[in-house]
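S.K.: Given the structure of chain S, go ahead and fit chain E onto it with the hints provided.
Protein chains: 2
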Amino acid sequence: MSENGILIIFSGPSGSGKDTVLNKLIAGREDIKVSVSMTTREKREGEIDGTHYYFVSREYFEKKVSEDKMLENAEYNGNLYGTPKAPVDEMLKSGKAVILEIEVQGAEKIRKLYPDVISIFLMPPSMRVLEERLRGRGTDDEETINHRLVIAREEIKRAPEYDYVVINDTIENAVAGIETIINAERKKTFRNKKIISEVINNV
Amino acid sequence: MSENGILIIFSGPSGSGKDTVLNKLIAGREDIKVSVSMTTREKREGEIDGTHYYFVSREYFEKKVSEDKMLENAEYNGNLYGTPKAPVDEMLKSGKAVILEIEVQGAEKIRKLYPDVISIFLMPPSMRVLEERLRGRGTDDEETINHRLVIAREEIKRAPEYDYVVINDTIENAVAGIETIINAERKKTFRNKKIISEVINNV
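Chains S and E, in that order, are what the protein sequence lines are. Residue numbering for the first sequence follows my numbering, beginning at 213 and increasing consecutively. Residue numbering for the second sequence follows my numbering, beginning at 213 and increasing consecutively.
Keep in mind that the hints were calculated from the coordinates and are not lab data. Take these hints with a grain of salt, some might be off.
All copies of an identical chain are treated as equivalent in the list; a pair is satisfied when it fits inside any one copy or across any two copies.
The list that follows gives simulated cross-link-like pairs (lysine-lysine, DSSO-like), each with its CA atoms no further than 30 Å apart [stated by the list, open to error]: (1) Lys-399 <-> Lys-321; (2) Lys-305 <-> Lys-405; (3) Lys-369 <-> Lys-230; (4) Lys-406 <-> Lys-369; (5) Lys-255 <-> Lys-275; (6) Lys-275 <-> Lys-236; (7) Lys-369 <-> Lys-305; (8) Lys-275 <-> Lys-400; (9) Lys-276 <-> Lys-399; (10) Lys-321 <-> Lys-236; (11) Lys-275 <-> Lys-405; (12) Lys-400 <-> Lys-255; (13) Lys-321 <-> Lys-406.
Looking at chain S on its own, in the form it has when it is part of the complex (with noise of 0.2 Å):
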């Protein structure tokens, strides 16, 4: 089995539905995992270690850093966010899909780590729904609308280095989408060499 697990890089805009998309897609699939990222910022109301993020220090993460115990990192509004790498590599070790939700930025770093990493874009199926849904939210002003949205189409522009798209029209579809692509990865050759062998060895 420890041929099967499949790491899988899933970026899509701010309104895309990222979180609502995967936490759905875990619920129903033991052996769908997502990564939890490390980050120095202070933990919000709510939020526990482990499950939405690893809160460790400054000075933590940057020996974690330093020992390149990290499979990519990045600093926003003076804090610092990464993934770490034991656990993904335990986790693929053990046959799972694991999903590292990341920007578009840090994708690259990874595929040069893990050559057989495969990427999704969750992507909205119009801007305009984009819009409606970062309005929706009700916790941005104009200005940042108005912001993301800008950001938005630029990270929609790199779609293309993308493996698959997958738009999130409504999450029951962004989820049966997902979870087409890792069955369908699942029966590549290359992670199946096991069984082609057994079968011509009359196992």
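M.R.: The following block gives chain E in isolation, referenced to the frame of chain S:
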């Protein structure tokens, strides 16, 4: 929709159940077609021209080959078999997934002509099951069955040249496996350039 046509090479050893699986697969889906081969062999009882094969004269077949109108062709037992190019291109243009049921050897030429082609290898769950199926047909003598098993093992050794492997443990699983692969391939970004650009440009 035209950019969504998918060409699929489909192979598997004798007794792996290719025809049964394909018949069940296309019964349920208008968007999946199996390419009809051309042959110079005699039409058998119950066979329909244009459904099982295009039955043609050797002269006609050779003319098509010389005009470069065949995707691949080969001779078995003194008869010519091959895949006419025009109907395949037409179905691809209209967005269909087009399946070519061909021998392992025929796959190479197609890969050169259609770099985006995907390939699926249908595999028996074990050599024992394959042997049972060949015996179950009741059409072959002991020597023929043993010969087919030797060839089957050689063919399965080439499975790693294919993109995907589908195990025919049950027809339902095999059909679902191929459907999953086609559905996932339709989400490849290079097949969705139009929709990505529509979202960016607010169409």
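S.K.: Looking back at the hints listed earlier, which ones does the structure fail to meet?
M.R.: 6, 8, 9, 11, 12
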